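> One-letter residues, chain by chain:
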Amino acid sequence: MAIDGPHFSPEELMVCQAARQLRDGEVVFVGIGLPNLACNLARRLHAPKLVLIYESGAVGADPKRLPISIGDPSLVTNSLGVFSMFDVFSFYLQRGLIDVGFLQGVQIDRFGNLNTTVIGDYQHPKVRLPGSGGACEIAILAKRVFIIAPQSKRSFPERVDFITSPGFVDGPEGRRKLGLPGGGPVMVITNLGCYEFSDGEMVLTSLHPGCTVEQVRENTGWDVRISPQLKTTEVPHDAELRIIREDLDPSHLFLAHH
Amino acid sequence: MDEAIRRFVQDGDVIVIEGFTHLICFAAAHEIIRQRRRDLTVCRLTPDLIYDQLIGAGCVRRLVFSWAGNPGAGPLYALRRAVEQGIPNPIELEEYSHYGMVARLTAGAARLPFYPLRNYMGSDLPRVNPSIKTVVCPFTGEELAAVPALNPDTAIIHAQRADENGNAQIWGLIGVQKEAAFASRNTIVVAEEIVSENVIRSDPNRTLIPGMIVSAVVHEPFGCHPSFAQGFYDRDNDFYVRWREISQNEALFNKYLEEWVYGLRDRAEYVRRMGAQIDRLRAQPHYCEPVNYGY
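Quick mapping for you: the protein sequence lines, in order, are chains V and C.
With the working numbering applied, the first sequence corresponds to residues 1 to 258, in that order.
With the working numbering applied, the second sequence corresponds to residues 1 to 295, in that order.
Rather than coming from a laboratory, the hints here were simulated on the basis of the structure.
Small disclaimer: the values here were computed from a predicted structure and weren't measured.
Possibly wrong hints are sitting among the right ones.
[To be verified] As a list, the in silico SDA-like pairs of lysine to any residue whose alpha-carbon atoms are at most 20 Å apart:
hint: 1; chain 1: V; residue 1: K126; chain 2: C; residue 2: E84
hint: 2; chain 1: V; residue 1: K143; chain 2: V; residue 2: Q104
hint: 3; chain 1: V; residue 1: K64; chain 2: V; residue 2: Y92
hint: 4; chain 1: V; residue 1: K64; chain 2: V; residue 2: P250
hint: 5; chain 1: V; residue 1: K126; chain 2: C; residue 2: N89
hint: 6; chain 1: V; residue 1: K177; chain 2: C; residue 2: C137
hint: 7; chain 1: V; residue 1: K64; chain 2: C; residue 2: C137
hint: 8; chain 1: V; residue 1: K64; chain 2: V; residue 2: S74
hint: 9; chain 1: V; residue 1: K177; chain 2: C; residue 2: V136
hint: 10; chain 1: V; residue 1: K126; chain 2: C; residue 2: G74
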């Protein structure tokens, strides 16, 4: 397979960008889908000592295949330990051992609040989504939260229809007022760019190659803040793409390869 | 299995079939569908395909849960038909997060009225679920979230091995099975293997559920397919992906029930019908180092 040159899909770039945010030795609470890919990619590159914790109970997982679900048997084989879900949520997450929580959202708003519950009214939903799983407590308790979300005007409304997992709730003081122990979201990675948080609000800090600020504005439901030091997102390196395509997701379960 | 379900799952009961991805006892759910139980309140963190099937078969009145999807493969369409269109019957939802469900079963298992959590601040979940409340700590004055105990009528727990008294050993993901069993009035243990008490006693740390809380023991090899049993068989990921299509179409869903549930007498027939397909799922050996229990 030829993987030279700048040939990559937006999802591949999102996964690479997410993986780069993780520091070696950190403890990560891993969610399903793209976050799972990003964490496993980081472990194979710059962060071999990253500790992967899955809500299913696997701690220090070392999966030899890409787990399709967060309860895959490959997370157990050769892990550091397997614990009950009570242990994982109480002794790891609530106790404050989780450095990074990785979440995916269906809807996200300017304060980084995530909705995975319903589109429309709760009692009469237009679309019924899966619900919280562990996302609510991860958003509240993890020291830092990274979010991966595909971006459109519908998925980036001014306010989400339902706050499943709180970001900064209603502004810069939102988390402090309500006493949320974790630090909240620090980065949102979309198919157009990366956002960081300032005064509890998303600010576009880097654009992916080929994407424009106009595109971002068209696909955001509020008057989005743009950083004066706007950068271009680093493209995926060959080494990253090779691991994703040949090792992590060879059957394109999660990613359409370029 | 027929007798265990007949005796311990009645119309209108509150039941919990646990197992997080791992050891989900589809054999028991299929028997509940065959016996045409109605108006059940079914509790589970992740309803998964197993409750999608119970809901689509018309067994369920109320679902208590925290994440309702087909893991890695999309939505649960039978559940969505029931919620969005009332097909085959409307169902009520009672929704928590995973930690909230775990805490409810933990309180239930310890016969406490509620469990406190540092959770839900800023989330809309308490707004739509009046059972998520707050409590003030009598020692620090701090306000905490509180969820009520969950005490089902019957828990159904699948184990890799158990003895005839129900002492059950589970390895791999242990999820919330211990809490679910202790929380419930009755527990049905279903096992891949029935072993002698000596085998259980040779490795006491692996016993998750003691026989003293078990009402019935069922021997049911491959009882978890399409879910998995660590060390016995892998998850049938292809089936989970195929379920997307089956559950999306009401006619295909009903055809599935006819062929794989109503049309079969029991799980043994299901396994025979799967034939050689089941062999591709058999687990590879991966043994641990033995430990010394001597003194």
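> All hints, please: hold or fail.
Here is what the structure says about each hint:
no.: 1; hint: V:K126 <-> C:E84; in the structure: holds (8 Å)
no.: 2; hint: V:K143 <-> V:Q104; in the structure: holds (17 Å)
no.: 3; hint: V:K64 <-> V:Y92; in the structure: violated (24 Å)
no.: 4; hint: V:K64 <-> V:P250; in the structure: holds (13 Å)
no.: 5; hint: V:K126 <-> C:N89; in the structure: holds (19 Å)
no.: 6; hint: V:K177 <-> C:C137; in the structure: holds (18 Å)
no.: 7; hint: V:K64 <-> C:C137; in the structure: violated (45 Å)
no.: 8; hint: V:K64 <-> V:S74; in the structure: holds (6 Å)
no.: 9; hint: V:K177 <-> C:V136; in the structure: holds (17 Å)
no.: 10; hint: V:K126 <-> C:G74; in the structure: holds (17 Å)
When each numbered hint is compared with the structure, violations occur for hints 3 and 7.
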